[in-house]
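Enquirer: Starting from the known structure of chain A, fit chain B onto it as the hints suggest.
Each protein sequence line maps, in turn, to chains A and B.
Count along the first sequence starting at 1, add 39, and that's the number in this note's numbering.
Count along the second sequence starting at 1, add 153, and that's the number in this note's numbering.
Simulated from the structure, these hints should not be mistaken for laboratory data.
Among these hints, one or two may not hold up.
[Stated by the list, open to error] Residues from chain A shown here face chain B by an in silico Cβ test under 8 Å; the list is partial:
| # | residue |
| --- | --- |
| 1 | Ala68 |
| 2 | Asn71 |
| 3 | Lys81 |
| 4 | Leu83 |
| 5 | Ser85 |
| 6 | Thr113 |
| 7 | Tyr115 |
| 8 | Ala118 |
| 9 | Gly140 |
| 10 | Phe144 |
| 11 | Gly147 |
| 12 | Gln149 |
[Claimed, not checked] Calculated cross-link-like contacts (lysine to aspartate or glutamate; reagent style DMTMM-like; alpha-carbon spacing at most 20 Å):
| # | chain 1 | residue 1 | chain 2 | residue 2 |
| --- | --- | --- | --- | --- |
| 13 | B | Lys210 | A | Glu134 |
| 14 | A | Lys40 | B | Asp209 |
| 15 | B | Lys175 | B | Asp215 |
| 16 | B | Lys175 | B | Asp238 |
| 17 | A | Lys107 | B | Glu254 |
[Stated by the list, open to error] Incomplete in silico selection of chain B near chain A, CB under 10 Å:
| # | residue |
| --- | --- |
| 18 | Gln159 |
| 19 | Tyr225 |
| 20 | Gln255 |
Backbone N, C-alpha and C define an ideal beta-carbon position, used for all residues, glycine too.
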Amino acid sequence: KQEVTQIPAALSVPEGENLVLNCSFTDSAIYNLQWFRQDPGKGLTSLLLIQSSQREQTSGRLNASLDKSSGRSTLYIAASQPGDSATYLCATQVETTDSWGKLQFGAGTQVVVTP
Amino acid sequence: AAGVIQSPRHLIKEKRETATLKCYPIPRHDTVYWYQQGPGQDPQFLISFYEKMQSDKGSIPDRFSAQQFSDYHSELNMSSLELGDSALYFCASSLMNSGNEQFFGPGTRLTVL
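Only chain A is shown next, with the shape it has when bound in the complex:
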């Protein structure tokens, strides 16, 4: 069964610093990996999707890398802002014949960016 781990569980940085969020997974047979942002009590906003054949994806200040063989993904957020404060979750879709499409989530990294 796929297990997804996110380290650290919480992170506090001053505004302007770069954020580095780590995600590891035990089953490398993934179809894709998604990074989400969740504000307290709110829904999940998809930030980046990385297909299994890709090594990285970029969107604005966000960059996510994927190393399937080592079971790792990293989300980089450049020049952090107070509005980046949220919980960030990574999730994988494992490619098997009997388990298609469901996301397995990590527990998330809670980020606080202080002004």
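Expert: Same frame as chain A, now just chain B:
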């Protein structure tokens, strides 16, 4: 751009009552997923539908059932509600043959008293 719509946004029920949650996927998306997120927990997969057929099933209690209708909207029916069913319930939709990126709705917060 159109997003996933869920209704109701908030629901308060008594123990042993029933609840129905509705989900309207993004137009042209062919797959719907239901997830449950308990307080302080990550979302857990419940069930999914592809082209109106159940495609996968997770840790969904027997008291829960779901279906996807001809217009692609989906409903999650929950009976004999228990206190432990209090959670955020998310619906997500995707286009299976286009990367399968899942887009989540705002969720329904269910409180069981």
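Enquirer: So, for every hint listed, does it hold in this structure?
Expert: For each hint, the structure was consulted:
1. Ala68: Cβ of alanine 68 of chain A sits 15 Å from chain B, so the hint is violated.
2. Asn71: holds, 7 Å
3. Lys81: Hint on lysine 81 of chain A: holds, closest Cβ of chain B at ~7 Å, below 8 Å.
4. Leu83: Since chain B brings a Cβ to about 4 Å from leucine 83 of chain A, closer than 8 Å, the hint holds.
5. Ser85: Cβ of serine 85 of chain A sits 6 Å from chain B, so the hint holds.
6. Thr113: violated, 19 Å
7. Tyr115: Result: violated, 20 Å to nearest chain B Cβ.
8. Ala118: Nearest chain B Cβ about 26 Å off; hint violated.
9. Gly140: Holds. Min distance 6 Å.
10. Phe144: holds, 4 Å
11. Gly147: holds, 6 Å
12. Gln149: At about 10 Å, which exceeds the 8 Å cut-off, the nearest Cβ of chain B leaves the hint on glutamine 149 of chain A violated.
13. B:Lys210 / A:Glu134: holds, 15 Å
14. A:Lys40 / B:Asp209: Holds: lysine 40 of chain A and aspartate 209 of chain B sit about 15 Å apart, inside 20 Å.
15. B:Lys175 / B:Asp215: Holds. Lysine 175 of chain B to aspartate 215 of chain B sits at ~19 Å (cutoff 20 Å).
16. B:Lys175 / B:Asp238: Satisfied, since the Cα-Cα distance of roughly 16 Å is no more than 20 Å.
17. A:Lys107 / B:Glu254: Roughly 18 Å between the alpha carbons, so the hint for lysine 107 of chain A and glutamate 254 of chain B holds.
18. Gln159: holds, 9 Å
19. Tyr225: At about 15 Å, which exceeds the 10 Å cut-off, the nearest Cβ of chain A leaves the hint on tyrosine 225 of chain B violated.
20. Gln255: Glutamine 255 of chain B check passes; min Cβ-Cβ to chain A is 6 Å, inside 10 Å.
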